[in-house]
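Colleague: Generate the whole structure from the sequences, applying the supplied hints.
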Amino acid sequence: MSRQIMKKQKLSTHLIVNINVFVVVMVIVMASLVYSFTKSNTETILEEKTFDIIELLEQEAIHYINHPINEMQNIKERLNSDNSIVNIKDIFYMYNYLYHVDVINYEGEIIDTIPRIDSRIGMDLSNSDIYTDIRHTEDEFVIGHMLIDAYTDEPTMYISMKYKEGYIVGYLNLIHFQQLLESINIHGGHMSIVDELGTYISHTDVEKVHQRTVDPFSKSIRDEKILNNSVVEYLGKDVNLHFRNIEGTNWLILFYQDVEVLNEPIEKAILANTIVFLLILPLFILMTLRVIRRIDRSLKQLDETTEDIAEGNYEIKDKSFNYIEFDNLFNRVKFMSVEVSTREEEILSLNNELESNYYTTIVLLAKAIDAKDNYTGNHSVRVRDFALLLANELNLSNHELKELKFGATLHDIGKLGVPEYILNKSGRLTDDEYVMIKEHSQTGYNIVEELPGMNLAKQVILHHHERYDGHGYPYGLKGDEIPLLARIVTIADSFDAMTSERLYRAKQMSENEGFQELRENAGIQFDAELVELFINGLKQCD
Amino acid sequence: MNSLLSMTRIIRQKFMFVICVLLFVVLSGCAKEPIKIGFIGEISSGNSQVAIDARNGIEYYFNEVNENGGINGRQIEFIVKDNQGEHDTALLMHEEFLEEDVHFVIGDLLSQMVDSIIESNSDELMFITPTISTDAISGYDDFIIRTIPISTRQADIFCEYAEVTGIDDLVVVYDVMNAAYTESIAKRVELLYAESELTIKGMVPYDSRVDDLMEVVNKIEEYNPKNVFMISVAIDTAIMVQMAKKNNPELGIYSVAWAMTNDLIQNGGKYVDEAVFVGIYFPEVYSNEYNEFSEGFNNYYGSKPSFISVLAYDAATVLVKGLENAEETTPMAVKQSIIEIKQYKGLQETFNIDKFGDNNKQYMMYILENNEFVPLREWK
Chain U
1426 MSRQIMKKQK
1436 LSTHLIVNIN
1446 VFVVVMVIVM
1456 ASLVYSFTKS
1466 NTETILEEKT
1476 FDIIELLEQE
1486 AIHYINHPIN
1496 EMQNIKERLN
1506 SDNSIVNIKD
1516 IFYMYNYLYH
1526 VDVINYEGEI
1536 IDTIPRIDSR
1546 IGMDLSNSDI
1556 YTDIRHTEDE
1566 FVIGHMLIDA
1576 YTDEPTMYIS
1586 MKYKEGYIVG
1596 YLNLIHFQQL
1606 LESINIHGGH
1616 MSIVDELGTY
1626 ISHTDVEKVH
1636 QRTVDPFSKS
1646 IRDEKILNNS
1656 VVEYLGKDVN
1666 LHFRNIEGTN
1676 WLILFYQDVE
1686 VLNEPIEKAI
1696 LANTIVFLLI
1706 LPLFILMTLR
1716 VIRRIDRSLK
1726 QLDETTEDIA
1736 EGNYEIKDKS
1746 FNYIEFDNLF
1756 NRVKFMSVEV
1766 STREEEILSL
1776 NNELESNYYT
1786 TIVLLAKAID
1796 AKDNYTGNHS
1806 VRVRDFALLL
1816 ANELNLSNHE
1826 LKELKFGATL
1836 HDIGKLGVPE
1846 YILNKSGRLT
1856 DDEYVMIKEH
1866 SQTGYNIVEE
1876 LPGMNLAKQV
1886 ILHHHERYDG
1896 HGYPYGLKGD
1906 EIPLLARIVT
1916 IADSFDAMTS
1926 ERLYRAKQMS
1936 ENEGFQELRE
1946 NAGIQFDAEL
1956 VELFINGLKQ
1966 CD
Chain S
28 MNSLLSMTRI
38 IRQKFMFVIC
48 VLLFVVLSGC
58 AKEPIKIGFI
68 GEISSGNSQV
78 AIDARNGIEY
88 YFNEVNENGG
98 INGRQIEFIV
108 KDNQGEHDTA
118 LLMHEEFLEE
128 DVHFVIGDLL
138 SQMVDSIIES
148 NSDELMFITP
158 TISTDAISGY
168 DDFIIRTIPI
178 STRQADIFCE
188 YAEVTGIDDL
198 VVVYDVMNAA
208 YTESIAKRVE
218 LLYAESELTI
228 KGMVPYDSRV
238 DDLMEVVNKI
248 EEYNPKNVFM
258 ISVAIDTAIM
268 VQMAKKNNPE
278 LGIYSVAWAM
288 TNDLIQNGGK
298 YVDEAVFVGI
308 YFPEVYSNEY
318 NEFSEGFNNY
328 YGSKPSFISV
338 LAYDAATVLV
348 KGLENAEETT
358 PMAVKQSIIE
368 IKQYKGLQET
378 FNIDKFGDNN
388 KQYMMYILEN
398 NEFVPLREWK
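Chains as they are written, first to last, in the working numbering: chain U, 1426 to 1967; chain S, 28 to 407.
Any given hint could be a false lead.
[Unchecked claim] DSSO-like cross-link-like pairs, simulated, lysine-lysine; straight-line CA separation at most 30 Å:
| id | chain 1 | residue 1 | chain 2 | residue 2 |
| --- | --- | --- | --- | --- |
| 1 | S | Lys59 | U | Lys1650 |
| 2 | U | Lys1662 | S | Lys273 |
| 3 | S | Lys63 | U | Lys1589 |
| 4 | S | Lys214 | S | Lys407 |
| 5 | U | Lys1587 | S | Lys331 |
| 6 | S | Lys407 | U | Lys1650 |
| 7 | S | Lys63 | U | Lys1501 |
| 8 | U | Lys1501 | S | Lys59 |
| 9 | S | Lys348 | S | Lys369 |
| 10 | U | Lys1474 | U | Lys1693 |
| 11 | S | Lys297 | U | Lys1589 |
| 12 | U | Lys1587 | S | Lys297 |
| 13 | S | Lys273 | U | Lys1587 |
| 14 | S | Lys273 | U | Lys1644 |
| 15 | S | Lys253 | S | Lys369 |
| 16 | U | Lys1693 | U | Lys1662 |
| 17 | S | Lys407 | U | Lys1644 |
| 18 | U | Lys1650 | S | Lys331 |
[Stated by the list, open to error] Simulated restraints on C-beta separations:
| id | chain 1 | residue 1 | chain 2 | residue 2 | range |
| --- | --- | --- | --- | --- | --- |
| 19 | S | Gly323 | U | Ile1695 | 54 to 60 Å |
| 20 | U | Val1446 | S | Thr357 | 51 to 57 Å |
| 21 | U | Lys1464 | S | Asp168 | 57 to 63 Å |
| 22 | S | Glu399 | U | Asn1499 | 37 to 43 Å |
| 23 | U | Asp1564 | S | Lys59 | 46 to 52 Å |
Hints in this document: simulated from the structure, not taken from any laboratory. Using N, Cα and C, we set each Cβ at its ideal position, and we do this for glycine too.
Modeller: Laid out in structure tokens, this is it:
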């Protein structure tokens, strides 16, 4: 059942389709493997790199923040010891980690500044966050949040500390943090440090600091709503957000790493893979096509060879194939052809012998028929010869010739069923007798009907008394309705009847008279074309 | 057999899932373009508190809008630019906005920059200013919308208050750096005082960009006033108040909405306590919207919103409503849409925008007590 519904297709088509499908699947699988491998590899490398960068930044930031704190401690110690601001100015000017320092009394009033800013002296900061923060803490110092320094107009942060007579407030010069960020080489993305409120202390885009921008994610980070290495949208781009708290502060380092950076090596790997694939693909296709073409050609040659053998052409020329398998197959086919040829010759020889014996029997039978009729002599054999002569003019096949030979020889076999007195009657036949004579065609056919094969010969026996104009018997066929071999035998039979010596006839016809008679009845009794071929053939024989 | 069937089903489901994901990816690729909205103000100097407050109010509101699906499905891309307090820089930034396909800008913020927006506003670039209150742009059919009442109304209400409470022997100090705003108020106060029985002892103009504040205070003291009306930015106001009150603790201090920022509190110390301000009208009972905004804002920025943040939020609301209802996102269509909507529910009050893009908001008096601006409602 399954064989019936199996869809047949050409081997070459099948190979091309399957190989291409296989190649596409392989490419997809390879691309997926390359993608996953590169992705995981890149992620690991970037993660390590990012960790290093952030750790480095943290160390640097701690280092930097310690400078101004140390400066402040120094000032504090001086103030605690001799309350002499003048003496500490020299220290202050040695560094520039602080824009300036305010010295505030317990009431929140600025009592001095470093460097000296007269307009600030006496200002009340009692309502400010700076004063509130340091006043209410037990800590040694407080690092405030981002603000614009009223004195320098620069973004700043303050560090406030208690000393024995009040507080000192230093305003951080944030340029160092900015320089710190700028010194770190980050590939794609942004980096920033934010204060406890999320305001940028430093940012790779310095404008964000000047504009006191609040980071959109720092609050969520502090509320633990965002995990490290999350993908978020920042400044219109998808980024991986990494963060880390700077030890000893409420500040965060934020690293927005462009997702593109992660994708870049992956895309490169995929691109390289694609290029290699595109370069290899035509080569691969050419090679595949070459192999398929060779196989296809070999199969065609084998097909032609077997076709030749099927047609009986056993002489096979040597052929060369690209593959050993096809060579072996060809040699086997060739050997098989020789074997078949030998066996066929044996069979043919046996068959010929059989046929010869068979025909000899037939001739004997014909002679028996002819012997029954006093007038005819060797009529059957002559008719056979005339018929074969005409057949030669027609280029009939061997099979047809053989059938004609049998049919012509046995054409009158039905006469075995006609009483001899009728056959040998010299006077006019009665109607009944004539009917009996006419029946010999059908009787002959009935006799040979059971013989195996010989179908054309049987037709000759049945129809050799049909006339071309349709007035013959037993079926009154006309023209081409009458089998060709029967039409041949009709002419041969009639010509022999005209030209052979008959006891009941005074004088037999000469050949020419016979020809004349045939021509006169051409198209009436005989096939005109065959008549002319017959006459020509006979004349040539003469 | 069953396992084979279930495997086939799973494969089919996975296949469908992949198709859905692919479709989603394709459709996501067709997501609507964001609407670019600009912001301009002096955002990186000592005078930047107004711009910072405004930027934060707008940023907070736009984050809310974006979280709720944007404007008709389009996200807002907020582009902030700094004019550095300079006219020419502002014009340059306006050009940049156009180059970046930004056609709606919230700002500018100080009346000193009014000329720049008068110059640049067009059917290509529309401005919605939350804080420029100068009368100079009132009554014009232009592409400037504002959500702050005109500044001379501040003078009117101050003078009413002055008459009721008897603010006599007054010196008016005003910063000519923002003359478009300060001068119109100063002149209006001068005019109204002249019509009343109260006296103005002197007018002290100064330029915050060049003048030493100590000298300005000295000038004020030369008039020996009982009261000072300071039309100046918060930090200047705070410093001048400190200087003046140290010598004259009884001096009555009055100022305007411009100074009502955190800078004043941070830098004014105890001397700004009891100072009285003309600020934006605030209803007696805070609206739910305001309370939510205030809480969210405080949570996000670590400080309560100033009145400027509120004005900026209202301005952004007007623009977003206008964009939502406009047939197309062009300044002409949006302007038309804003005027057609007419009535807006601000954070604190409902207000109208008229056909000139002006509003009917009001001012009221405030007193600074315990670091908070407390509305004065009883004096009338």
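Colleague: Starting from Lys273/S, check that the Cα of Lys1587/U is at most 30 Å away, please.
Modeller: 25 Å, holds
Colleague: Would you mind confirming whether the straight-line C-alpha gap from Lys1587/U to Lys331/S stays at or under 30 Å?
Modeller: 28 Å, holds
Colleague: If you draw a straight line from the CA of Lys407/S to the CA of Lys1650/U, is it 30 Å or shorter?
Modeller: With a Cα-Cα distance of about 50 Å, the restraint between Lys407/S and Lys1650/U is violated, given a limit of 30 Å.
Colleague: Decide if the proposed pair is consistent with the structure: Lys1501/U and Lys59/S, CA atoms, cutoff 30 Å inclusive.
Modeller: 59 Å, violated
Colleague: Has the hinted range 51 to 57 Å been met by the Cβ atoms of Val1446/U and Thr357/S?
Modeller: Since Val1446/U and Thr357/S have Cβ atoms about 53 Å apart, the given range 51 to 57 Å holds.
Colleague: Lys1587/U and Lys297/S were given as a pair; does the straight-line alpha-carbon distance stay at or below 30 Å?
Modeller: Given that 30 Å is the threshold and the Cα spacing comes to 21 Å, the pair holds.
Colleague: Is the straight-line distance between the alpha-carbon of Lys1662/U and that of Lys273/S 30 Å or less?
Modeller: Not OK: Lys1662/U and Lys273/S at ~53 Å, beyond 30 Å, violated.
Colleague: Holds or violated: Lys59/S and Lys1650/U, Cα atoms, limit 30 Å.
Modeller: The hint holds at about 28 Å.
Colleague: Could you check the hint for me, namely that Asp1564/U and Lys59/S are 46 to 52 Å apart, CB to CB?
Modeller: 51 Å, holds
Colleague: State, for the Cβ atoms of Glu399/S and Asn1499/U, whether the hinted interval 37 to 43 Å holds or is violated.
Modeller: 39 Å, holds
Colleague: Hint says 57 to 63 Å; check whether the CB-CB distance for Lys1464/U and Asp168/S agrees.
Modeller: 58 Å, holds
Colleague: Please work out if Lys273/S and Lys1644/U have their alpha carbons no farther apart than 30 Å.
Modeller: Violated, at about 41 Å.
In this structure, the earlier hints numbered 2, 3, 6, 7, 8, 14, 15, 17, 19 are contradicted, and the remaining ones agree with it.
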